[in-house]
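Chains A and B, in that order, are what the protein sequence lines are. Going left to right, the first sequence walks through residues 30 to 576 as the working numbering numbers them. Going left to right, the second sequence walks through residues 83 to 200 as the working numbering numbers them.
Treat each hint with caution, since some may be false.
[Said to hold, decoys possible] In silico lysine-lysine, DSS-like type, Cα no more than 25 Å apart, as pairs:
(1) A/K214 - B/K183
(2) B/K145 - A/K201
(3) A/K137 - A/K455
(4) A/K402 - A/K205
(5) A/K137 - A/K276
(6) A/K205 - B/K183
(7) A/K214 - A/K403
(8) B/K183 - A/K277
(9) A/K263 - A/K276
(10) A/K403 - A/K413
(11) A/K328 - B/K145
(12) A/K205 - B/K145
Since the hints were made in silico from the structure, they are not lab data. It should be emphasised that the depicted structure is a prediction, and the values quoted were computed from it without experimental measurement.
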Amino acid sequence: MRDGFRQSMAWLHTWSGLLVCWVLFLVFTAGTASYFRDEISLWMQPELHPAVITPASDVIAAQNAIRMLEKEAAKAPRWFITMPSDRNPELRVGWTSPPVKGEKGRGKFNSADLNPATGERLAEVRETRGGDFIYRLHYDLHYMPAKWARWIIGFCAMFMLVAIISGVITHKRIFKDFFTFRPRKGQRSWLDAHNAVAVLALPYHLMITYSGLVTLMFMYMPFGAQVAYNGDEKAFLAESFRQAEIKKPAGQPAQLAALEPMIAQAEKHWNGGQIGRLTINNPGDAHATIQITRQRDDKQLSHLRQSMQFDGATGALISTMGDEVSGAAESRGVLYGLHVAEFAHPLLRTLFFLCGFAGCAMVATGALLWAVKKRQGYAKVLAKGGRVGFGLRLVDGLNIGAIAGLPIALASYFWANRLLEVGMEKRTEAEISCFFIAWGIAAILAHIRPNRRMWQWQLVAGGVLFALIPVLNVFTTDTHLGVTLFQGKGPVAVAGFDLFVLGFGLLLIYAAKRLAPKKVALKVNAKDKAIEKTANDGDHTTLREAT
Amino acid sequence: MIALGFISGLAFAYAGWSALSIGMDRHYSDIHGRGKEPDQRTRNQCRLLGTLALIATFAVSVKLEGWTVGAVLCLGILTAGALLLVLLLTYAPHRAIKFGKLAGFLSVLSCIAWLSAR
Numbered sequence: 030m031r032d033g034f035r036q037s038m039a040w041l042h043t044w045s046g047l048l049v050c051w052v053l054f055l056v057f058t059a060g061t062a063s064y065f066r067d068e069i070s071l072w073m074q075p076e077l078h079p080a081v082i083t084p085a086s087d088v089i090a091a092q093n094a095i096r097m098l099e100k101e102a103a104k105a106p107r108w109f110i111t112m113p114s115d116r117n118p119e120l121r122v123g124w125t126s127p128p129v130k131g132e133k134g135r136g137k138f139n140s141a142d143l144n145p146a147t148g149e150r151l152a153e154v155r156e157t158r159g160g161d162f163i164y165r166l167h168y169d170l171h172y173m174p175a176k177w178a179r180w181i182i183g184f185c186a187m188f189m190l191v192a193i194i195s196g197v198i199t200h201k202r203i204f205k206d207f208f209t210f211r212p213r214k215g216q217r218s219w220l221d222a223h224n225a226v227a228v229l230a231l232p233y234h235l236m237i238t239y240s241g242l243v244t245l246m247f248m249y250m251p252f253g254a255q256v257a258y259n260g261d262e263k264a265f266l267a268e269s270f271r272q273a274e275i276k277k278p279a280g281q282p283a284q285l286a287a288l289e290p291m292i293a294q295a296e297k298h299w300n301g302g303q304i305g306r307l308t309i310n311n312p313g314d315a316h317a318t319i320q321i322t323r324q325r326d327d328k329q330l331s332h333l334r335q336s337m338q339f340d341g342a343t344g345a346l347i348s349t350m351g352d353e354v355s356g357a358a359e360s361r362g363v364l365y366g367l368h369v370a371e372f373a374h375p376l377l378r379t380l381f382f383l384c385g386f387a388g389c390a391m392v393a394t395g396a397l398l399w400a401v402k403k404r405q406g407y408a409k410v411l412a413k414g415g416r417v418g419f420g421l422r423l424v425d426g427l428n429i430g431a432i433a434g435l436p437i438a439l440a441s442y443f444w445a446n447r448l449l450e451v452g453m454e455k456r457t458e459a460e461i462s463c464f465f466i467a468w469g470i471a472a473i474l475a476h477i478r479p480n481r482r483m484w485q486w487q488l489v490a491g492g493v494l495f496a497l498i499p500v501l502n503v504f505t506t507d508t509h510l511g512v513t514l515f516q517g518k519g520p521v522a523v524a525g526f527d528l529f530v531l532g533f534g535l536l537l538i539y540a541a542k543r544l545a546p547k548k549v550a551l552k553v554n555a556k557d558k559a560i561e562k563t564a565n566d567g568d569h570t571t572l573r574e575a576t
Numbered sequence: 083m084i085a086l087g088f089i090s091g092l093a094f095a096y097a098g099w100s101a102l103s104i105g106m107d108r109h110y111s112d113i114h115g116r117g118k119e120p121d122q123r124t125r126n127q128c129r130l131l132g133t134l135a136l137i138a139t140f141a142v143s144v145k146l147e148g149w150t151v152g153a154v155l156c157l158g159i160l161t162a163g164a165l166l167l168v169l170l171l172t173y174a175p176h177r178a179i180k181f182g183k184l185a186g187f188l189s190v191l192s193c194i195a196w197l198s199a200r
């Protein structure tokens, strides 16, 4: 506490924010996009766009799913059936292949989308991970074990929480500057922008950071449970989440009992609540179990769902779970639910998206603010034609690579989805490689020339890639904007995606345009020429709309 | 029908933030010219109107979605309304009063329409 409480908090805010801001920018961007994960997945599977889905009752849909799985995945140790909902009208089935001997880990996971009324596959869809890749990226990263990634993300999220709280303390004029944004004033403008997006969406920022930590709390803070249960983690999880017990297969074949009475019993038990998911363990075996999980309820924040477990061979009820939830479990369930926002209908989901966008802007403006401040210290050196120090150069490079580079990577992922041959080998991996190759190139170029030109180039590249996606669609799919918007056919989500990427691309291009050096500085005067030189060298003080 | 209630909530939030900002020294002088300060009466009126409109936002959200999801919706709407206002105060401060009044009328009208259509 060298200079008083507020100053020391300012120091803490600066460094806890700067150290992790590039990872946070990735997490915020990917996490924000994940609110529309299902819509992105749909967009990335154009084969599904013309699919005609005939709704059917839950019983018929579930029976159709079972029939399909018995035919195609009879040997699978586990089946999953996700019932149609408002957001996903199709019936989704999944199964794990039996693990291959000699290979580590579990078997591969397969899934298919079915027409609920007929049980037939909707279409042969291209291989892609769709929005799930972006969703996983925001906490599992890529190219590394999930466990390491989650520790890294948790570390960064904790820094984020520190930065938010210290930021609120260090913000002197939180109410006086509540609505203030003064453009074209260099550092002042960056600070205003940072404050506005941070303060106005503060409830969201606090919630998303804290609840993000809570989703993985048993990994970060296992100690209480370890002591209470003498290190028996399984016993703790079983008791806390009342997970259904899974028996080993008996080895004797047995027919699955009829689903209809089980579904009726579940719906009655939940006072008319709909069924949402079925998990069938050891299908076709005498020890088969069927777990029925309730459909999510739009009025409920909590992520916890009630479920019931039945004996697969006899159809008898084994247990019910989640009917009475403890206060602690419910608290965690609500925080978890708030983080993933599954309860949100489209309008509320858009608000979540907007707040997430504000979060990205907050991280980006914070990162830029550090560089802008630091650059002012070099004003005299730069005016003499000198160069900035290593630290600033590094931060500039990282800023460009992260803030302007990530849109390029995302757009490349979408381009790859459309351009890679549909039947090619390892198509899914190839799409993801495109994402990282594009990002890698952007990041390397950013470090070679971390200047204003590079900002412009990368923003324009990202903007053009994004804005041209709707054009690309005209050549590669039958559900481009001409059809979805002007003829009103095809899924609304696809039209929404196209319109958003078009708008976002134009925004990036506009940001690049705003970065152009001012014409005023071109006056024929020796002194002004020097100023212009510093400006061209990457004077970020007028760099305003980069986010 | 949800959309109408949503518009009403957003308009209430925008109008409320507008009223609060118009009574603040900085924005008052942005709107009325440099050096002008609001008198105590204007200040109190703005604060009262703003607070009432923000409470109305909460009421509309809760009516729309219930106490749990409604509270979340209210915070989201408040953020969206405030971000819109920041843009307006920055690029067209002299229109702030006009737009605030418009939003006020719109919020009440759409609220009545929504409640009677339910």
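Are any of the numbered hints broken by this structure? If so, which, sorted upward?
Checked against the structure, the hints that fail are numbers 1, 2, 8 and 12, while the rest are satisfied.
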